[in-house]
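With the hints as your guide, set chain Z onto chain X.
As they're listed, the protein sequences go chains X and Z.
Quick note on numbering: the first sequence equals residues 1 to 160 in this note's numbering.
Quick note on numbering: the second sequence equals residues 1 to 376 in this note's numbering.
Everything labelled a hint here was simulated from the structure, so no lab data went into it.
Predicted model, so just to flag it, every value in this text is computed and none were measured.
A portion of the hints provided could be inaccurate.
If you want the ones that stay clear, here's a sample from chain X, every Cβ over 10 Å from chain Z, calculated [to be verified]: (1) 31; (2) 57; (3) 77; (4) 87; (5) 106; (6) 110; (7) 113; (8) 114; (9) 133; (10) 136; (11) 140; (12) 144; (13) 145; (14) 148; (15) 149; (16) 156.
Dumping the calculated SDA-like pairs for lysine to any residue here, alpha-carbon to alpha-carbon at most 20 Å [stated by the list, open to error]: (17) 91(X) with 48(Z); (18) 91(X) with 285(Z); (19) 116(X) with 51(Z); (20) 116(X) with 159(Z); (21) 91(X) with 107(X); (22) 91(X) with 44(Z); (23) 283(Z) with 216(Z); (24) 116(X) with 80(Z); (25) 269(Z) with 231(Z); (26) 171(Z) with 220(Z); (27) 171(Z) with 69(X); (28) 91(X) with 43(Z); (29) 156(X) with 20(X); (30) 274(Z) with 248(Z); (31) 91(X) with 72(Z); (32) 274(Z) with 250(Z); (33) 285(Z) with 131(X); (34) 116(X) with 274(Z); (35) 285(Z) with 249(Z); (36) 91(X) with 163(Z); (37) 283(Z) with 199(Z); (38) 91(X) with 42(Z); (39) 171(Z) with 293(Z); (40) 285(Z) with 275(Z).
All C-beta atoms, glycine included, are put in the ideal place defined by N, C-alpha and C.
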Amino acid sequence: MHETQRLDSGWFILFTLFAAFVLTIIPLPAEVEPFRPEWVALAVIYWCMAQPLRVGVGVAWLLGITLDIIQGTLLGQHALGMTLIAFLVVKFHQRIRTFPLWQQLMIVLTLIAIYKLLTLWIMGILGKTPDTWLYWASGLSSMLLWPWLSSILRTKTETK
Amino acid sequence: MRLTHRPCGARDAPYAWGKSWKVDEFDSKRRAIKPLFLQGPSLTTRLVVFVSASLIMMTVDHRQNYLENVRTALSSALYPVYYVINLPVTAGGWMQENFTTRIALMQENTRLHQQATQIKSHLQKMAALEAENERLRKLLDAAPKVSERILAAELLAVDIDPYARKIVIDKGGRDGVYEGQPVVDADGVMGQVIRVNPLYSTAMLITDTGHSLPVMVNRTGYRTIAAGTGASGQLELQHVASHIDIKPGDLLVTSGLDGRFPPNYPVAKVILAKQEAGQFFLKVKAEPTAHLEHNREVLLVWPKPDGGLAMGQPQTPAATPQSPSSAAPQNPIAAAPATPVTATPSRPVERSGPASPAPASAAPATATATPPDNIE
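Only chain X is shown next, with the shape it has when bound in the complex (with noise of 0.2 Å):
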């Protein structure tokens, strides 16, 4: 019963993969646009816990050029955060799923916080650095998100 599911989830991987591009260009007001949550780092983060051998660093290289290529940035920009975040999740991928919640929620922050700091790195190489704190305000949002994303996904792959 488990088998049928598993050979189509691969089709659920690439539409929540879908899903979280179009959350992240999709429109928001003005005061609220700081808070857009990391979509895609979340994917990443998720998938990279959940099927380290389908979604692992290369994917998740390949889904940062597509990242840069959407938002116009520098082609690596978005990639080289998000290798270092899968490469991080596949190694402990065992020792993150047997941790209660609070402790996810510090994991998911402090990836996140490291995405973003590579992120502002090059930023601030190229001479575009955002001016203001709000900058990190996705990160907060991305790990309040996290306990609703991971319980839908896992009822959506694992249960039927």
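Just chain Z, lined up with the frame of chain X:
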């Protein structure tokens, strides 16, 4: 019995959150015995490979433009994402059009009629002026100014980069859009196209930090550069010396010196011009006249080749979106062209800017007398 990757005791772990993870069955189905290690190169190797790939790509993308074609091809493939996002907006517009009441339509019709009459009367004046202008130009033997070709385009409702002022429009290479093309709306200049795809293109707004635009104060004819600040609805005029006559309410129009934007399009209104203590230059802020943030319809302009340079001014490198690494130095003297026109003291380049009063008189003269050159 199947071997899985489930960590020992994960199912019973006291802290396990929610259900235990049933994972990797996909792989155990394919192989009789699950390998103990991941296939292929090790995780660290992959990390190193992909991190270096990112670094190399970033360097190449920043320094050269080999990757532009790759980017164009790939972003065409991503059009569906834009399309899906725009779908509700399109549908909403369609619904609104189809379910408007008759009264609302009639009201709108009346309003439009009035507007059309007003515009027509303006146009009549305009036609007379244009004819006169052409006649006078002929007398002067100057090239007649021809009006530009214009194409209406619609914004795609996507929000691509939160840290840049960019828009996506629904006309692309298929419609003849080219890189560097001016984008305007009914009230003024919006920006310019920076990336063209067959089906859509991306434009940078004039408020982006990477954008500078040569402008002219309509009242006095003083020419300067309006740079984006990154804040919405704000431009900054650079290197305006304190003796320059400029005040809030002044209209800034494109000067056409860039050879890219047609001249005399309204750009912005000055909202602040003040001398700050200890500062050599005036602090001048301006507000774009175009509705940059809330506008669904934009116009793409094809300037006529003689449009921008009819005044016989030297062709200067255009208002390209400057790559920030090569952004203009803040020092106006260093930014001045290699052959300064006026009574600049000898060796002006070695002076280090607005600190000393001596070059003060020279700098603005240089800046005014010569075309803006802070863009490569």
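Evaluated hints:
1. 31: 12 Å, holds
2. 57: 4 Å, violated
3. 77: 6 Å, violated
4. 87: 4 Å, violated
5. 106: Holds, since 13 Å exceeds 10 Å.
6. 110: 17 Å, holds
7. 113: 17 Å, holds
8. 114: 13 Å, holds
9. 133: 14 Å, holds
10. 136: 13 Å, holds
11. 140: 15 Å, holds
12. 144: 16 Å, holds
13. 145: Holds: least Cβ distance 16 Å, greater than 10 Å.
14. 148: 12 Å, holds
15. 149: 13 Å, holds
16. 156: 13 Å, holds
17. 91(X) with 48(Z): 14 Å, holds
18. 91(X) with 285(Z): Violated, because 51 Å separates the two Cα atoms, which is more than 20 Å.
19. 116(X) with 51(Z): Judged against 20 Å, a Cα distance of about 16 Å means the pair holds.
20. 116(X) with 159(Z): With a Cα-Cα distance of about 19 Å, the restraint between residue 116(X) and residue 159(Z) holds, given a limit of 20 Å.
21. 91(X) with 107(X): Distance ~13 Å between residue 91(X) and residue 107(X) Cα, so the pair holds.
22. 91(X) with 44(Z): 9 Å, holds
23. 283(Z) with 216(Z): The hint holds at about 17 Å.
24. 116(X) with 80(Z): Violated: residue 116(X) and residue 80(Z) sit about 27 Å apart, past 20 Å.
25. 269(Z) with 231(Z): 16 Å, holds
26. 171(Z) with 220(Z): At roughly 37 Å apart (the allowed maximum being 20 Å), residue 220(Z) and residue 171(Z) break the hint.
27. 171(Z) with 69(X): Given that 20 Å is the threshold and the Cα spacing comes to 18 Å, the pair holds.
28. 91(X) with 43(Z): 8 Å, holds
29. 156(X) with 20(X): 16 Å, holds
30. 274(Z) with 248(Z): 9 Å, holds
31. 91(X) with 72(Z): Violated: residue 91(X) and residue 72(Z) sit about 34 Å apart, past 20 Å.
32. 274(Z) with 250(Z): 14 Å, holds
33. 285(Z) with 131(X): 18 Å, holds
34. 116(X) with 274(Z): Violated: residue 116(X) and residue 274(Z) sit about 38 Å apart, past 20 Å.
35. 285(Z) with 249(Z): Holds: residue 285(Z) and residue 249(Z) sit about 11 Å apart, inside 20 Å.
36. 91(X) with 163(Z): Violated, at about 32 Å.
37. 283(Z) with 199(Z): 41 Å, violated
38. 91(X) with 42(Z): 11 Å, holds
39. 171(Z) with 293(Z): Between residue 171(Z) and residue 293(Z) the Cα gap is close to 19 Å, so the pair holds against 20 Å.
40. 285(Z) with 275(Z): 12 Å, holds
Consistency with the previously given hints fails for numbers 2, 3, 4, 18, 24, 26, 31, 34, 36 and 37, ordered from lowest to highest.
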